[in-house]
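Line by line, the protein sequences are chains C and P.
Each residue of the first sequence is one higher than the last, beginning at 1 in my numbering.
Each residue of the second sequence is one higher than the last, beginning at 1 in my numbering.
I should point out that these hints are in silico values taken from the structure, not numbers from a laboratory.
As the structure is a computational prediction, the values presented were derived from the model and not from experiment.
Keep in mind that the hints are not guaranteed to be accurate.
[As the list claims (entries may be wrong)] Here are the simulated lysine to aspartate or glutamate pairs, EDC-like style, with alpha carbons at most 20 Å apart:
no. : chain 1 : residue 1 : chain 2 : residue 2
1   : P       : K102      : C       : D58
2   : P       : K383      : C       : E165
3   : C       : K276      : P       : E379
4   : C       : K147      : C       : E119
5   : P       : K320      : C       : D310
6   : C       : K230      : P       : E28
7   : C       : K340      : P       : D347
Below, each chain spelled out in residue letters.
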Amino acid sequence: MIQEYAGIALESLDDEIVGLDEQERLINDLVAEFISSEKGQCCILEGKPGCGRQSLLDKILKAYDIELRIINVGQLAVDGSIQETLAKEEDGGSWKKTTRLPWLIFLSVTPQDFLEHMEKCGSSRMPRIRIVFENDFDFEEYRQAFKSLMAPRETEAASSPEYQEFLESLRPEKWLRSLHETYDLCVLKQVVAIILQRIVDCEPEDFCKEEVESAIRDAVEFASPDYEPKLKLLEDLSLRQQCVFLCAHRLLRNRPAESATTVAQITYRYIFLEYKKLVNTFYRALAVSSDSWIFREIDHLVEIGLLRADRFSNVTNMSFRKVNLGVDPLRIEKFAQTLKLPTAIADFFTSTRT
Amino acid sequence: MDFQKRKTLLSLLFNNSRSFSHVNCYGESSAGRSLSISNIIAKNDYGWHYAFADLLYADGSMKLLLKSLSNEIGVKCKGENVMEFWYAVREDYHWPSTSTKKMIIFLDNAQAVVNFPTYAISYFLKSCKDVCGLQIRFVTSAPAPWICYQANSPIGSLPVREFHFRPPCAEACINLIREFEPDISEKFVRYCIDVSFIHSRAPNTLLRIVRNAFASYEESGKGAGVLDFHRMGSCLTSSSHELIGVETKFQSNEDDLISEAFESMPIAMRFLLVASFCASNNASSSDKRFFVKHHGKEKRSEAREMKNDLARQLKAFEPKPANCQRVFFIYKTFCSQFAENDFDKIDLKCVLASVASMGLVTISGPLEAPRVRCLISAECASKIAGSLKIQLRDYLEYTV
Numbered sequence: 001m002i003q004e005y006a007g008i009a010l011e012s013l014d015d016e017i018v019g020l021d022e023q024e025r026l027i028n029d030l031v032a033e034f035i036s037s038e039k040g041q042c043c044i045l046e047g048k049p050g051c052g053r054q055s056l057l058d059k060i061l062k063a064y065d066i067e068l069r070i071i072n073v074g075q076l077a078v079d080g081s082i083q084e085t086l087a088k089e090e091d092g093g094s095w096k097k098t099t100r101l102p103w104l105i106f107l108s109v110t111p112q113d114f115l116e117h118m119e120k121c122g123s124s125r126m127p128r129i130r131i132v133f134e135n136d137f138d139f140e141e142y143r144q145a146f147k148s149l150m151a152p153r154e155t156e157a158a159s160s161p162e163y164q165e166f167l168e169s170l171r172p173e174k175w176l177r178s179l180h181e182t183y184d185l186c187v188l189k190q191v192v193a194i195i196l197q198r199i200v201d202c203e204p205e206d207f208c209k210e211e212v213e214s215a216i217r218d219a220v221e222f223a224s225p226d227y228e229p230k231l232k233l234l235e236d237l238s239l240r241q242q243c244v245f246l247c248a249h250r251l252l253r254n255r256p257a258e259s260a261t262t263v264a265q266i267t268y269r270y271i272f273l274e275y276k277k278l279v280n281t282f283y284r285a286l287a288v289s290s291d292s293w294i295f296r297e298i299d300h301l302v303e304i305g306l307l308r309a310d311r312f313s314n315v316t317n318m319s320f321r322k323v324n325l326g327v328d329p330l331r332i333e334k335f336a337q338t339l340k341l342p343t344a345i346a347d348f349f350t351s352t353r354t
Numbered sequence: 001m002d003f004q005k006r007k008t009l010l011s012l013l014f015n016n017s018r019s020f021s022h023v024n025c026y027g028e029s030s031a032g033r034s035l036s037i038s039n040i041i042a043k044n045d046y047g048w049h050y051a052f053a054d055l056l057y058a059d060g061s062m063k064l065l066l067k068s069l070s071n072e073i074g075v076k077c078k079g080e081n082v083m084e085f086w087y088a089v090r091e092d093y094h095w096p097s098t099s100t101k102k103m104i105i106f107l108d109n110a111q112a113v114v115n116f117p118t119y120a121i122s123y124f125l126k127s128c129k130d131v132c133g134l135q136i137r138f139v140t141s142a143p144a145p146w147i148c149y150q151a152n153s154p155i156g157s158l159p160v161r162e163f164h165f166r167p168p169c170a171e172a173c174i175n176l177i178r179e180f181e182p183d184i185s186e187k188f189v190r191y192c193i194d195v196s197f198i199h200s201r202a203p204n205t206l207l208r209i210v211r212n213a214f215a216s217y218e219e220s221g222k223g224a225g226v227l228d229f230h231r232m233g234s235c236l237t238s239s240s241h242e243l244i245g246v247e248t249k250f251q252s253n254e255d256d257l258i259s260e261a262f263e264s265m266p267i268a269m270r271f272l273l274v275a276s277f278c279a280s281n282n283a284s285s286s287d288k289r290f291f292v293k294h295h296g297k298e299k300r301s302e303a304r305e306m307k308n309d310l311a312r313q314l315k316a317f318e319p320k321p322a323n324c325q326r327v328f329f330i331y332k333t334f335c336s337q338f339a340e341n342d343f344d345k346i347d348l349k350c351v352l353a354s355v356a357s358m359g360l361v362t363i364s365g366p367l368e369a370p371r372v373r374c375l376i377s378a379e380c381a382s383k384i385a386g387s388l389k390i391q392l393r394d395y396l397e398y399t400v
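Chain C on its own, in the form it takes in the complex:
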């Protein structure tokens, strides 16, 4: 039953807009005035990418049964006849008859200081009507927005007391504060979509409170700035590849860089020598017949992003290619403890380097 309401909420989440009531009122007044007076108008919408400018426009114009036509500025630059094409689309007849029809134009811009980057002849022609999509919310408004997104208005989920009780049992005031300090409402909408998708995805017999809390914890971890998915690939590698990566990490974690503008790097050959040290001393089963096999493994680690190759040097001999770590060394040390390495190999990597 809770999952059905979550499914309804997930379907309705696309049309739900929170936190933009003032902007909605301003645009609604503008569109109503345009329709009633048949007079052309232009307006600037400022905001960050993903703040909901187009979604709000779509929602308002859908109420008036008007389709929003989107034109990219680059398209205007390369296509000189775009105005004629648009006029023909509207009327279906000749071009001259439609030049006197009124137009309602919304200029959607991203940076806050775009007027300063324009030339003077352009900025003097900009419309004076400007709607800014930037709001500051306190935590209580953020929590109300979360409840509105989890149970969108005019749906069965919003009017169900069982679902409302379920939302109260999530206790968002405990874990929502970290999201509030980092992100705004557009990211909250995505996090809510992830949580709802996990709830809908769960099997009905396995649905319980711990599962929902696990979904919330995963969503908050996914949204946190220190989310690092590359280290999960380390579990998929074979033992040889894991040892090659840990040898590179062992060499690079305390190595100073050559200058202030570069990072610490190591050549393929030094990684192979470290690997030979591990094989000869600690774990004989990992022995390889040639160093080219280890070089191949280092190339594979570069391909999946765990190591980062130095692409500026033109080196044809593989021994002298350089790599550096693609992941933070402290995170690697924390993650390496969760790997199920043999005891001898773990002893080699935890021992201090002489």
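Guided by the hints, dock chain P onto chain C, whose structure is given.
Just chain P, lined up with the frame of chain C:
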């Protein structure tokens, strides 16, 4: 892939929310990632249409990408106008009903996205939301998470929704191989997998290892019966050596290839290579000691050797660029000491250009004073010097 993981992937790919406009499936290529995902998308019964494109084939060209997508979907699109492409998809594609228009675009080899201009590919992935009545979902298949391919990820936005495609574990590999090869006994397969799994986790590679090991085991077998573990081990080692490089007692023929390659070189080219190797790996202050006073006969005391060992550990051992004139002078010293004939009439710059075009040295710097860096390894240099009867170790400051 187990049932729960598959259900998670299906729910991630085929839900009706617009928040998941881009799903990245990452993981090992050897686990059959792209093939499995394309099969799941192509044979779905959730009402989503399917289109395939290869970013590696497009090779950084937005025009090629839109052209291949247009041919795949069956619409006509001119040039590289992304918005016109979306409108053509909405109007001209043969949708079965007008109620829902949902399409999944599967972009294979998504690691090639770094070849595209950043603004073009980000506009392509985001502009599908601008079309009313059309819902597009991009599914990319890449070895690494999407954050590795974003040059400048915007601050304050979530990363791309991702699915981790895991390779099969050892038990699943055993079951897969026994499905393909039912004649091989389970004990044999389990023994091979247990030994080889620490080197490679690719099911195809493991299948070939098991096949080759079983073929050589039956070939050398005296009769059916109890499994001989000693013979199994030797057969497995010989088959693993070719595929995953496991060490064997047999000598590999790589050294023979190197010897044959360098013995066919002219003698002047060999002298020049050895000279460039000495110039790249020695400090210029040691030239007088090696090539003027002692000529390789310098006595090495134990204290100096220990000091050199300490210095070698701190040094990053790699070839350094050396002056071209220095290389030529070392070459002349070697010729006067070890060559039987006179090489004074040879144009050394032509020989140096030939060696550089073969990739054995790199030449950098201005044309008036080029700098030479030798890229051959110490083993190759020792072999070349041995063919010229030069004791290369005596001319190196730090022996390797």
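Verification of the supplied hints:
A hinted pair counts as satisfied when its Cα atoms are at most 20 Å apart, and K102(P) with D58(C) qualifies at roughly 19 Å. Between the alpha carbons of K383(P) and E165(C) the distance comes to roughly 80 Å, so the proposed pair goes past 20 Å and is violated. The hinted pair formed by K276(C) and E379(P) meets the criterion: a straight-line CA distance of about 17 Å does not exceed 20 Å. With a C-alpha separation of about 45 Å, the suggested pair K147(C) and E119(C) falls outside the 20 Å cut-off, and the hint is violated.
Pair hint K320(P) plus D310(C) holds up; C-alpha atoms about 17 Å apart against a cutoff of 20 Å. The hinted pair formed by K230(C) and E28(P) meets the criterion: a straight-line CA distance of about 12 Å does not exceed 20 Å. With a CA separation close to 60 Å, the supplied pair K340(C) and D347(P) exceeds the 20 Å bound.
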